[in-house]
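Using the sequences and the accompanying hints, generate a full structural model.
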Amino acid sequence: MVVFDRVTKIFGSRVHAVHELNLTVGRNEFLTLLGPSGSGKTTTLMMLAGFDSPSSGRIELDGQPITHLPPNKREMGVVFQNYALFPHMSIAQNLAFPLEARGMGKLAIRDRVQKSIELVRLGDHLEKRPGQLSGGQQQRIALARALIFQPKIVLMDEPLSALDKQLRERMQLEIKALQRQLGITVIFVTHDQSEALVMSDRVAVFDHGRLQQVCDPRSLYDKPANAFIAGFIGESNMLAGTVMSCQGGATNVSTAAGMIAARTGQELSVGGAAVVSVRPEAIRILRDDETAANTVGGTLQELIFLGDHSRILVRVGENTLLSVKLDDKNAAAALSLHAPVRIGWSDADGLAFAANG
Amino acid sequence: MTQAAIIASDMPPASPAADRSGRRKRRNALLLVLPLLIFTLVSFVAPIVIMLARGVSEPEITRLLPLSRGPLATWDGTALPSDDTLAAVIADLAAAQRQRQAATIAKRLAAIRSDLRQPLLAAARAAATPPGLTPEGLLALDTVWRDPASWRALAELAQPFTDRYLLQTLDLTRNASGEIVSVPDNQAIFLAALGRTFGIGLAVTLITLVLGYPLAYFICQQSPGLQRFMLLFVLLPFWTSVLVRTAAWLVVLQTNGLVNDTLMALHVIGEPLKLVYTRSGTILGMVHIQLPFTLLPIYSVMQTISPVYVRAARSLGATPTAAFWRVYVPQTLPGVAAGCLLTFILCLGYYITPAILGGPADQMLSYYVAYYLNNEINWSMAAAVSTVLLVLTILFYIAYSWFTDPTAKATR
Chain A
1 MVVFDRVTKI FGSRVHAVHE LNLTVGRNEF LTLLGPSGSG KTTTLMMLAG
51 FDSPSSGRIE LDGQPITHLP PNKREMGVVF QNYALFPHMS IAQNLAFPLE
101 ARGMGKLAIR DRVQKSIELV RLGDHLEKRP GQLSGGQQQR IALARALIFQ
151 PKIVLMDEPL SALDKQLRER MQLEIKALQR QLGITVIFVT HDQSEALVMS
201 DRVAVFDHGR LQQVCDPRSL YDKPANAFIA GFIGESNMLA GTVMSCQGGA
251 TNVSTAAGMI AARTGQELSV GGAAVVSVRP EAIRILRDDE TAANTVGGTL
301 QELIFLGDHS RILVRVGENT LLSVKLDDKN AAAALSLHAP VRIGWSDADG
351 LAFAANG
Chain B
1 MTQAAIIASD MPPASPAADR SGRRKRRNAL LLVLPLLIFT LVSFVAPIVI
51 MLARGVSEPE ITRLLPLSRG PLATWDGTAL PSDDTLAAVI ADLAAAQRQR
101 QAATIAKRLA AIRSDLRQPL LAAARAAATP PGLTPEGLLA LDTVWRDPAS
151 WRALAELAQP FTDRYLLQTL DLTRNASGEI VSVPDNQAIF LAALGRTFGI
201 GLAVTLITLV LGYPLAYFIC QQSPGLQRFM LLFVLLPFWT SVLVRTAAWL
251 VVLQTNGLVN DTLMALHVIG EPLKLVYTRS GTILGMVHIQ LPFTLLPIYS
301 VMQTISPVYV RAARSLGATP TAAFWRVYVP QTLPGVAAGC LLTFILCLGY
351 YITPAILGGP ADQMLSYYVA YYLNNEINWS MAAAVSTVLL VLTILFYIAY
401 SWFTDPTAKA TR
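From first to last, the protein sequence lines are chains A and B. Just so you know, the first sequence maps onto residues 1 to 357 in the numbering used here. Just so you know, the second sequence maps onto residues 1 to 412 in the numbering used here.
What the hints contain is simulated information worked out from the structure, not anything from laboratory work. Among these hints, one or two may not hold up.
In the SDA-like style, the derived pairs of lysine to any residue whose C-alpha atoms are separated by at most 20 Å in a straight line are [as the list claims (entries may be wrong)]:
{"#": "1", "chain 1": "A", "residue 1": "K128", "chain 2": "B", "residue 2": "P330"}
{"#": "2", "chain 1": "A", "residue 1": "K73", "chain 2": "B", "residue 2": "V308"}
{"#": "3", "chain 1": "A", "residue 1": "K73", "chain 2": "B", "residue 2": "Q331"}
{"#": "4", "chain 1": "A", "residue 1": "K73", "chain 2": "B", "residue 2": "P330"}
{"#": "5", "chain 1": "A", "residue 1": "K128", "chain 2": "B", "residue 2": "F324"}
{"#": "6", "chain 1": "A", "residue 1": "K73", "chain 2": "B", "residue 2": "T319"}
{"#": "7", "chain 1": "A", "residue 1": "K152", "chain 2": "B", "residue 2": "P330"}
To spell it out: a stretch of chain B is covered by chain A in this simulated footprint if at least three of its residues, at any positions, have a beta carbon under 8 Å from a beta carbon of chain A; those stretches are [what the hints assert, rightly or not]:
{"#": "8", "segment": "112-123"}
{"#": "9", "segment": "327-337"}
Sample of chain A residues facing chain B (criterion: CB under 10 Å; computed from the structure) [stated by the list, open to error]:
{"#": "10", "residue": "I66"}
{"#": "11", "residue": "P70"}
{"#": "12", "residue": "E75"}
{"#": "13", "residue": "R102"}
{"#": "14", "residue": "L155"}
{"#": "15", "residue": "E158"}
Note that the coordinates shown come from a computational prediction; the quantities given were computed from them, not determined experimentally. Just so it is clear, CB atoms sit at the ideal spot from N, CA and C, and this is done for glycine as well.
Right, here's the structure in full:
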């Protein structure tokens with residue numbers, strides 16, 4: 001439905017905000033652009049909305065080039081970070097604005113506004129001003145306003161970042177449900193990886209203006225394409241070292257914690273610098289008689305109680321701490337601080353990447 | 001948590017101790033602003049109150065008639081005053097003559113009835129010359145003194161409070177039977193001046209708005225560094241006195257000034273245009289001085305408007321023009337209202353610029369204040385004109401705050 005074809009945006013003379021972006025968004029898809037600030041995700045969204053034009057490359061919508069089409073002709077609903085509800089208009093006037101811009105009749109507008117406000121369950125607030133609503137209510141009105149003219153696609157620029165955690169989590173599910181119910185295409189920008197995992201059909205991860213990986217949330221978590229994504233999505237222990245051997249899918253890396261066997265995450269050369277990424281939940285504490293593909297001895301540095309589970313930090317080298325997730329929240333109680341501990345994980349649970357991303 | 005603790009956390013602190021400390025804080029705060037309060041009262045409020053009081057009283061005249069003002073006030077006004085009253089008047093006139101103040105009384109009396117000036121001066125002279133004047137002698141001195149109307153004029157002059165100056169500033173007066181009527185057309189000047197003051201103020205306000213709004217918008221679109229630089233130029237005129245700037249316009253606009261010489265040299269015009277001592281000269285000079293006052297409030301409001309609103313409007317299908325007029329401009333209206341009100345109210349009080357660049361028919365109300373102070377030495381008349389100006393300004397401010405008050409808007 002939307003195609004980015006080698007889209008590049010350069011600010012000033014050298015800064016590549018977005019570099020050679022190739023990305024296709026399917027119909028009815030919920031795609032999230034995820035990345036730290038300055039990674040190019042918002043610039044990408046602004047180019048799609050028409051507020052910025054690419055320095056080179058082209059953008060297509062339904063097979064039509066829209067690279068230089070003005071924003072008011074793109075038929076895209078945009079939800080902004082701080083909602084951008086017009087403060088001098090009532091909620092009803094805000095909702096009617098896109099319909100009036102399209103020359104719709106008064107009666108049809110009233111009808112559509114009514115339906116739209118019921119969709120977001122704020123029917124009593126039509127005559128209020130945006131300033132009289134709470135953040136969550138404003139957020140829902142902004143969403144209703146972006147949907148009311150039945151756009152082909154809805155763009156959201158960190159729409160939940162101003163809300164508190166509980167409300168944010170509720171709105172994530174609400175937006176996702178609305179997207180399914182209405183069958184619309186949503187492109188959603190966020191820097192919050194858990195938000196991306198909760199809502200998206202696919203996630204596009206950006207870093208330094210480059211698209212790093214596009215895939216569904218599960219693959220992103222299980223098969224990150226490089227060390228940056230492994231560290232950015234979820235939590236990872238990163239063990240730095242040198243590649244000793246790399247054959248087929250198996251790599252051996254010499255680290256501060258000893259020789260580590262892992263799957264090969266990306267192309268590596270023997271003798272090169274590498275990091276091994278291991279998820280905290282893949283590591284377990286070994287009993288004295290137990291062994292694993294990777295066994296590491298260390299001292300218990302910290303015990304962390306997190307309610308539904310526990311976490312321990314194990315010092316395995318001078319500057320290396322490994323975080324281990326214990327599903328049994330009582331398991332940590334049996335351990336004592338600064339005592340020696342043996343931990344291990346299977347060679348399939350480690351992923352070896354080149355050290356520089 | 002105990003019951004008491006729940007209540008304490010739910011309710012605002014209302015214990016006597018908390019109340020006492022709050023009161024002490026407020027009292028200390030009041031003590032800190034006391035010097036400013038006293039300064040404001042002495043230097044701002046008191047002069048205004050005294051000035052306003054002068055508009056309805058004439059202490060320098062009533063002071064000169066200490067013996068006669070009581071009897072004249074109780075006199076019924078139909079027959080001639082009693083001999084006692086006449087004796088009191090004669091004593092006051094003799095005292096005034098000896099203080100060389102008889103002419104002051106005569107001048108004010110002439111403002112009420114012009115034919116009484118010479119008879120009063122003559123009576124004062126006769127009263128102060130030995131052997132003085134008897135009541136019969138006063139009545140024999142001039143035929144006007146045998147007319148009760150003359151005495152009514154003097155009685156009016158002697159009373160402590162009067163509305164005749166306020167009436168005069170509205171081109172009104174009292175006729176012989178005390179009713180309020182319009183003055184004859186050839187004496188009516190103040191309503192026209194009032195209309196002119198408003199007209200010029202309105203014109204200057206509109207022109208500064210039309211010039212200032214686009215400039216403020218333009219400055220807002222620049223980078224922060226450039227914005228500071230451009231604002232410097234907007235504020236540059238503030239560094240020169242109004243008098244100097246107005247005089248500079250005189251140099252530029254006069255018959256043999258820069259503009260006329262240039263246009264003549266280019267053969268655009270055959271003879272010099274009359275640019276100074278006209279209404280347009282006045283307005284030009286005032287616009288130049290007032291432009292920053294209109295522009296700065298608009299600029300400061302524009303700075304707070306996030307560009308995201310116009311973007312949102314565009315994404316919702318509005319053309320650039322529609323987004324500007326329907327979304328951007330309405331949000332700048334508080335600044336527009338503040339800037340226009342500031343300029344309009346300042347314009348109402350303009351004196352120097354119309355005095356230098358305007359013709360005789362372009363003078364505004366402030367000119368009459370200065371005229372009555374400097375030329376006529378009539379403080380009460382100057383005070384009355386000032387009162388009208390002040391009341392109108394306050395009315396305008398009330399109207400403005402009513403229109404811009406968000407709570408008033410919400411209930412409309």
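Outcome of the hint check:
1. Taking the CA atoms of A:K128 and B:P330, the gap is near 17 Å; set against the 20 Å cutoff, the hint holds.
2. Of the pairs offered as hints, the one joining A:K73 and B:V308 holds, with about 18 Å between alpha carbons and a cut-off of 20 Å not exceeded.
3. Of the supplied pair hints, the one linking A:K73 and B:Q331 is violated, its CA atoms being roughly 24 Å apart against a limit of 20 Å.
4. Of the pairs offered as hints, the one joining A:K73 and B:P330 is violated, with about 24 Å between alpha carbons and a cut-off of 20 Å exceeded.
5. Only pairs whose Cα atoms come within 20 Å are accepted, and A:K128 paired with B:F324 is rejected, the gap being roughly 23 Å.
6. For the hint pairing A:K73 with B:T319, the CA-to-CA distance comes to about 9 Å; that is within 20 Å, so the pair holds.
7. The straight-line distance between the Cα atoms of A:K152 and B:P330 is roughly 30 Å, outside the 20 Å bound, and the hint therefore fails.
8. Judged by the Cβ-Cβ criterion of 8 Å, the segment 112-123 of chain B is not covered by chain A as claimed, because only 0 of its residues qualify and three are needed.
9. Figure legend: the segment 327-337 of chain B, annotated as covered by chain A; annotation consistent (4 residues with Cβ-Cβ distances under 8 Å, at least 3 required).
10. The restraint placing A:I66 at the interface with chain B is violated, with a minimum CB-CB distance near 13 Å, outside the 10 Å limit.
11. Here the hint on A:P70 is kept, as its CB sits about 7 Å from the closest CB of chain B, short of 10 Å.
12. The interface hint given for A:E75 holds, since its Cβ lies 8 Å from the closest Cβ of chain B, which is under the 10 Å cut-off.
13. Interface restraint check: A:R102 against chain B, minimum CB-CB distance 6 Å, threshold 10 Å, status holds.
14. Taking 10 Å as the C-beta contact cut-off toward chain B, the hint placing A:L155 at the interface holds, the least distance being around 8 Å.
15. Checking A:E158 against chain B by beta carbon gives a least distance of about 12 Å; that is not within 10 Å, so the hint is violated.
Going through the hint list in order, the structure does not satisfy hints 3, 4, 5, 7, 8, 10 and 15.
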